[in-house]
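Undergrad: What follows is the residue order along each chain.
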Amino acid sequence: MQMYNKYNKIIMGMLLASGVLANGTANAAAYAVSVNQITSFGITFLNPTSFGSFTFSGDVAGINQAQVGNGSASDAAAACIGCSYNNSFVAHGSSFASYAYGDSTILSNNLPSSGVLSGAGAASSIGEAYLTGAAADFGYGQGLNTMTGTINVSAGHTTQLTFDFMADPYLQAMLSSGGSMASADMAMSITLTKGLTQVFSWTPDGNLGTNITGGTETYDPFSLNTSQPQLFNGIALYDMANGHFRAETGLLGAGSYNLNIQMLNSATVETVPVPAAAWLLGSGLAGLLGMARRRQRTT
Amino acid sequence: MRLNRKWLCVVSALAGLTASASVQAGAVYAVSTLGISNLGITFSGPATSSGLTTTTDSAVLGGVGTGSANSTDAMASCLGCGYNNAFVAHGQSVNPYSYGDARISGAILSGTARASGIAETSVNAGSGSATAGNSFRRFISLANNGTQIGFAFGADPLLTALLAPGGVAGAANMSFNMTLTDMTGRSVFSWTPDGILGDLVGGTEISDPFNLNLGLSVMTPELSVYDPALGQFLAVSNPLARGAYQLSISMFNSAFVDGGTIPEPGVLHLLAGGLAGLLISRRRRDS
Chain W
1 MQMYNKYNKI IMGMLLASGV LANGTANAAA YAVSVNQITS FGITFLNPTS
51 FGSFTFSGDV AGINQAQVGN GSASDAAAAC IGCSYNNSFV AHGSSFASYA
101 YGDSTILSNN LPSSGVLSGA GAASSIGEAY LTGAAADFGY GQGLNTMTGT
151 INVSAGHTTQ LTFDFMADPY LQAMLSSGGS MASADMAMSI TLTKGLTQVF
201 SWTPDGNLGT NITGGTETYD PFSLNTSQPQ LFNGIALYDM ANGHFRAETG
251 LLGAGSYNLN IQMLNSATVE TVPVPAAAWL LGSGLAGLLG MARRRQRTT
Chain X
1 MRLNRKWLCV VSALAGLTAS ASVQAGAVYA VSTLGISNLG ITFSGPATSS
51 GLTTTTDSAV LGGVGTGSAN STDAMASCLG CGYNNAFVAH GQSVNPYSYG
101 DARISGAILS GTARASGIAE TSVNAGSGSA TAGNSFRRFI SLANNGTQIG
151 FAFGADPLLT ALLAPGGVAG AANMSFNMTL TDMTGRSVFS WTPDGILGDL
201 VGGTEISDPF NLNLGLSVMT PELSVYDPAL GQFLAVSNPL ARGAYQLSIS
251 MFNSAFVDGG TIPEPGVLHL LAGGLAGLLI SRRRRDS
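Read top to bottom, the protein sequences are chains W and X. Residues 1 to 299, numbered by our numbering, are exactly what the first sequence covers, in order. Residues 1 to 287, numbered by our numbering, are exactly what the second sequence covers, in order.
Isolated chain W (complex conformation) (with noise of 0.2 Å):
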């Protein structure tokens, strides 16, 4: 018990050490990624139907009032912002100096006989962002894609779609002492729909059987449709192997449809100096009424 005290008194002390040692530096550093990788995409038809399809991609990036968007149809310029990564879908860690990335492309998208159709699209997207030192407090970046698609379904006919694809996906959030927020986020739908009617919706989530309407999971091996925040000093990771996706819709009946597939990966981060100060002050504080009770309690 004695012994307890007084590992109770170091800890305090330690805790007012810190304190001080922490709003001398005042360095903060906060650091998310959110990545996904989607590869081998694949659309198949039961039945002759014909197909048409577009994509968009779009980025942004920024660090307090710095901000960049780009869009493209299938590859939107690299939003960076104290960096200059192009297409360059892995995560890139913490750094000398502040930086946000967000970038997205789409492969093999308008070309039906080597895209989709043969099972060989392929879309990328990351939201990147790091932040060091007291100056700068708050970092973001974000990658989005989506596909477009016309589905005509001839009279007399009906058909069903299989989407298969492989996804790779990493997010990761980590903060240091005066970071207050990393947040790596991700998601990924895809929709079917037939004039104002919903017929189809599937946003994997890692169970066979839930989140998919008007159709069946046959792979939903991990979550696309998850975050990472991170609030307190430490490391979130969410790295998965790449993955087997796979589902139907049910039988679709003659008409036209649209398809619309989106992924987005975002990461955010902020640093908040001043109450991190304030709440290091706290700290000290609350380490020095601790020690003025044990004090007294001992008396």
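Read the hints as simulated data drawn from the structure, not as lab findings. These numbers were taken from a predicted model, which means no experiment stands behind them. Each hint should be verified, as a subset may be incorrect.
[As the list claims (entries may be wrong)] Part of the chain W face toward chain X, derived, beta carbon under 8 Å: (1) Q67; (2) G149; (3) S189; (4) S201; (5) G206; (6) N211; (7) S227; (8) P229.
[Stated by the list, open to error] Taking CB as the label site, the calculated pair distances span: (9) X:E222 <-> W:T158: 19 to 25 Å; (10) X:A241 <-> W:Q65: 48 to 54 Å; (11) W:P221 <-> X:G91: 38 to 44 Å.
Where a beta carbon is used, it is the ideal one built from N, C-alpha and C, also for glycine.
Mind docking chain X on chain W? Use the hints.
TA: Same frame as chain W, now just chain X:
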């Protein structure tokens, strides 16, 4: 033979005229809005919770654009427009514009949090896009084993995509998810409302009236709309072990349009076609 050549010249001159008169482009409009109201989290046992919010938006017109971010009210990104915190569909316009905006207000612990996002873009040619993102991230500490966390909110989305003849494609997308992770980063509760009761990982859905994770597309002249009335969403987590958790609630709206390319510049093509026609017919007459 001679007549044929002459006709060819006339046709080539006419082709120049018609190509620039009926440009290969058309109007496309898309909007995605989501209004979240009375968002609240409740605990079945003693708990502490603190956190922060982020709002981001962006607007792109013709390939390049701008973005904005803030903890509670990102400055509007509006290219070709002057909207700010105007979370209603403004509709198609003769002047191209892209509008992204996001805002959060209220308090999640008292069930009064609100989040609004809009992504809206309208073009007659070329491309446009807009995004809006709102996020709540919280640190949660549960004092007792077996504590359950309840999540409640009202949602009012509107997605519209409209394409006129000549346009290429338009899309309006929306996503919404809640993820609760434990100290090791493992997901213990994950909710992506889809309009079907019962499919929730790590908890129970009590109310899930419509889909909040979907996209609309148009590639032929038509209007596509997703406009369910305001709905109430309610879910509760499974009993959780005491300890620390991190919560992320994030929503995202995006809109993309492509109106196609105008033969550029149209007048020059017409002039070139006409001149070529004249030159050929003159040469023919000379020979």
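Undergrad: Within 38 to 44 Å: is that where the Cβ-Cβ distance between P221 of chain W and G91 of chain X falls?
TA: The hint (38 to 44 Å, Cβ to Cβ) holds, given that P221 of chain W and G91 of chain X are roughly 42 Å apart.
Undergrad: Tell me if G206 of chain W is really an interface residue toward chain X, meaning its C-beta lies closer than 8 Å to one of theirs.
TA: 7 Å, holds
Undergrad: When the nearest CB of chain X is found for G149 of chain W, is that gap smaller than 8 Å?
TA: 7 Å, holds
Undergrad: Is the interface hint satisfied for S201 of chain W? The criterion is a beta-carbon contact with chain X at less than 8 Å.
TA: 5 Å, holds
Undergrad: Evaluate the given range 19 to 25 Å for the C-beta pair formed by E222 of chain X and T158 of chain W.
TA: 22 Å, holds
Undergrad: Can the hint on P229 of chain W be confirmed by a CB-to-CB distance to chain X that is less than 8 Å?
TA: Where the cut-off is 8 Å and the nearest Cβ of chain X is about 4 Å from P229 of chain W, the hint holds.
Undergrad: Let's test the interface hint: is any C-beta of chain X closer than 8 Å to that of S227 of chain W?
TA: 4 Å, holds
Undergrad: Taking 48 to 54 Å as the stated bounds, is the beta-carbon spacing between A241 of chain X and Q65 of chain W within them?
TA: 43 Å, violated
Undergrad: Using Cβ atoms only, decide whether Q67 of chain W comes closer than 8 Å to chain X, and label the hint accordingly.
TA: 4 Å, holds
Undergrad: With 8 Å as the cut and Cβ atoms as the points, is S189 of chain W at the interface with chain X?
TA: Where the cut-off is 8 Å and the nearest Cβ of chain X is about 5 Å from S189 of chain W, the hint holds.
Undergrad: Tell me if the interface restraint on N211 of chain W is satisfied: Cβ within less than 8 Å of some Cβ in chain X.
TA: 5 Å, holds
Violated hints amount to a single one, hint 10; each of the other numbered hints is respected by the structure.
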